[in-house]
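Q: These are the residues of each chain, in order.
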Amino acid sequence: MSGKPVLHYANIRGRMEPIRWLLAAAGVEFEERILKTKDDLQKLRTDGCLLFQQVPMVEIDGMKMVQTRAILNYIAGKYNLYGKDLKERALIDMYVEGLADLFELIMYHEFKPANEKEKDLANIMDKATNRYLPVFEKVLKDHGHDFLVGNKLSKADVSLLENILGLEELKPDALAKFPLLQSFKARMSNIPSIKKFLQPGSAKKPLIQEKDIPSVIAIFH
Amino acid sequence: MAAKPVLYYFDGRGKMESIRWLLAAAGVEFEEVFLETREQYEKLLQSGVLMFQQVPMVEIDGMKLVQTRAILNYIAGKYNLYGKDLKERALIDMYVGGTDDLMGFLLSFPFLSAEDKVKQCAFVVQKATSRYFPAYEKVLKDHGQDFLVGNRLSWADIHLLEAILMLEEKKSDALSGFPLLQAFKKRISSIPTIKKFLAPGSKRKPISDDKYVETVRRVLRMYYDVKPN
Chain E
1 MSGKPVLHYA
11 NIRGRMEPIR
21 WLLAAAGVEF
31 EERILKTKDD
41 LQKLRTDGCL
51 LFQQVPMVEI
61 DGMKMVQTRA
71 ILNYIAGKYN
81 LYGKDLKERA
91 LIDMYVEGLA
101 DLFELIMYHE
111 FKPANEKEKD
121 LANIMDKATN
131 RYLPVFEKVL
141 KDHGHDFLVG
151 NKLSKADVSL
161 LENILGLEEL
171 KPDALAKFPL
181 LQSFKARMSN
191 IPSIKKFLQP
201 GSAKKPLIQE
211 KDIPSVIAIF
221 H
Chain F
1 MAAKPVLYYF
11 DGRGKMESIR
21 WLLAAAGVEF
31 EEVFLETREQ
41 YEKLLQSGVL
51 MFQQVPMVEI
61 DGMKLVQTRA
71 ILNYIAGKYN
81 LYGKDLKERA
91 LIDMYVGGTD
101 DLMGFLLSFP
111 FLSAEDKVKQ
121 CAFVVQKATS
131 RYFPAYEKVL
141 KDHGQDFLVG
151 NRLSWADIHL
161 LEAILMLEEK
171 KSDALSGFPL
181 LQAFKKRISS
191 IPTIKKFLAP
201 GSKRKPISDD
211 KYVETVRRVL
221 RMYYDVKPN
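Which chain is which? The protein sequence lines are E and F, in order. Heads up: the first sequence at position 93 corresponds to 93 in the UniProt record's numbering, and the numbers run straight through without jumps. Heads up: the second sequence at position 180 corresponds to 180 in the UniProt record's numbering, and the numbers run straight through without jumps.
Because the hints were derived from the structure by calculation, they are not lab data. All of these numbers come straight from a predicted model, not from anything done at the bench. Some hints could be false.
Unchecked claim - Computed cross-link-like contacts, BS3-like style, restricted to lysine-lysine with a CA-CA straight-line distance of at most 27 Å:
{"id": "1", "chain 1": "F", "residue 1": "87", "chain 2": "E", "residue 2": "64"}
{"id": "2", "chain 1": "F", "residue 1": "119", "chain 2": "F", "residue 2": "15"}
{"id": "3", "chain 1": "E", "residue 1": "177", "chain 2": "E", "residue 2": "138"}
{"id": "4", "chain 1": "F", "residue 1": "127", "chain 2": "E", "residue 2": "43"}
{"id": "5", "chain 1": "E", "residue 1": "152", "chain 2": "F", "residue 2": "15"}
As the list claims (entries may be wrong) - Computed footprint of chain E on chain F; a stretch qualifies when at least three of its residues, placed anywhere within it, have a C-beta under 8 Å from a C-beta of chain E:
{"id": "6", "segment": "69 to 82"}
{"id": "7", "segment": "131 to 142"}
{"id": "8", "segment": "148 to 159"}
All C-beta atoms, glycine included, are put in the ideal place defined by N, C-alpha and C.
Given these sequences and hints, build the entire structure.
A: This is the structure we're talking about:
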């Protein structure tokens with residue numbers, strides 16, 4: 001028995017990707033049980049493994065955790081990526097929750113039908129460049145530190161990097177107007193555990209291929 | 001001097017209601033600034049106090065907190081309603097995640113057409129009785145304790161009570177078949193701070209009506225064409 005966390009999800013980024021990112025950034029090795037069919041999901045349900053009949057589910061420290069935020073909060077708390085006190089946690093939570101709203105748009109974009117993709121992308125980039133990225137550029141500018149909160153790596157930094165890279169996959173010049181975010185991205189990408197995750201062969205999932213979308217949707221619906 | 005928290009939102013439930021519940025349950029008095037006009041909202045936007053240009057926003061302990069979950073996490077942590085360690089926090093976060101998803105299905109409700117309201121009501125009741133209530137009934141059954149986590153009042157209990165009452169507003173016998181949740185409801189409702197919040201004259205908001213919908217649309221210039229789940 002390895003004691004490594006075990007991640008239960010489909011073979012896509014979806015709602016599990018932020019969890020893969022955070023574990024990887026924390027230097028924690030994990031295993032994955034990939035759901036391929038609806039039957040795989042049903043089995044987890046009938047075995048009583050899923051508190052609300054949903055994945056993501058992560059087996060960790062004797063618990064079968066569900067609810068993405070709960071899992072991320074636990075990992076962040078355990079591996080000291082959640083600030084040093086309540087006020088730092090409040091800042092981290094604010095940043096992460098804002099980024100989660102952006103992430104939701106990016107996540108669903110993969111599954112939009114071809115005729116809706118262009119409009120959807122325009123909406124994502126509008127929100128990114130006018131609502132979200134300026135906030136984080138300003139945070140970095142105001143305190144001049146390398147990390148968003150408390151001069152130390154936290155789950156907020158990991159989430160920001162994940163979302164920046166997600167945006168750049170959609171539009172390579174997404175960071176054109178944000179010089180501090182550009183250097184943030186370079187710095188963060190060089191952190192050894194993160195650098196490793198960004199290399200081929202890591203647990204980081206690629207964007208879904210169009211041919212695979214129907215089989216993934218079939219698992220969940 | 002400890003100033004009271006100030007809540008910036010509409011005069012209605014929406015995403016602020018869970019925050020009102022938690023503050024009230026913690027025995028914390030608060031003030032409210034209600035958004036009523038577009039100009040008021042634009043002034044707030046220009047003043048830079050809304051980090052992502054959105055409400056809820058709560059001024060508390062020198063911070064202007066936004067993002068509902070961030071605000072709730074902070075209040076729960078500050079007032080010892082977030083468990084005693086990481087593992088209890090994990091359980092609380094899981095349970096709150098469920099009730100948040102459930103109550104989330106009701107957020108759009110006031111904005112729906114009469115026909116869509118019927119559909120959404122059936123949808124939410126079905127989710128509550130087949131997915132969420134059974135989960136919490138089982139938690140209470142398995143440990144036999146009065147509270148969901150750690151044998152002690154936590155944010156999870158307050159959030160569950162809020163969800164139960166919202167469901168009962170849609171279907172008065174929503175808890176039939178869940179005897180432990182019925183007893184839980186009575187028990188948590190009689191906690192003095194919560195009992196006070198449930199009594200008339202408190203800051204608890206009524207079910208959102210057309211006036212609320214009108215105000216939100218006017219102020220935000222959004223939510224004109226909301227679809228059911």
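Q: Indicate, hint by hint, whether the structure satisfies it.
A: Taking the hints in turn, this is what the structure says about them:
no.	hint	result
1	F:87 x E:64	12 Å, holds
2	F:119 x F:15	22 Å, holds
3	E:177 x E:138	12 Å, holds
4	F:127 x E:43	20 Å, holds
5	E:152 x F:15	31 Å, violated
6	69 to 82	holds (count 6)
7	131 to 142	holds (count 3)
8	148 to 159	violated (count 0)
The structure fails to meet hints 5 and 8 from the earlier list, while all remaining hints are met.
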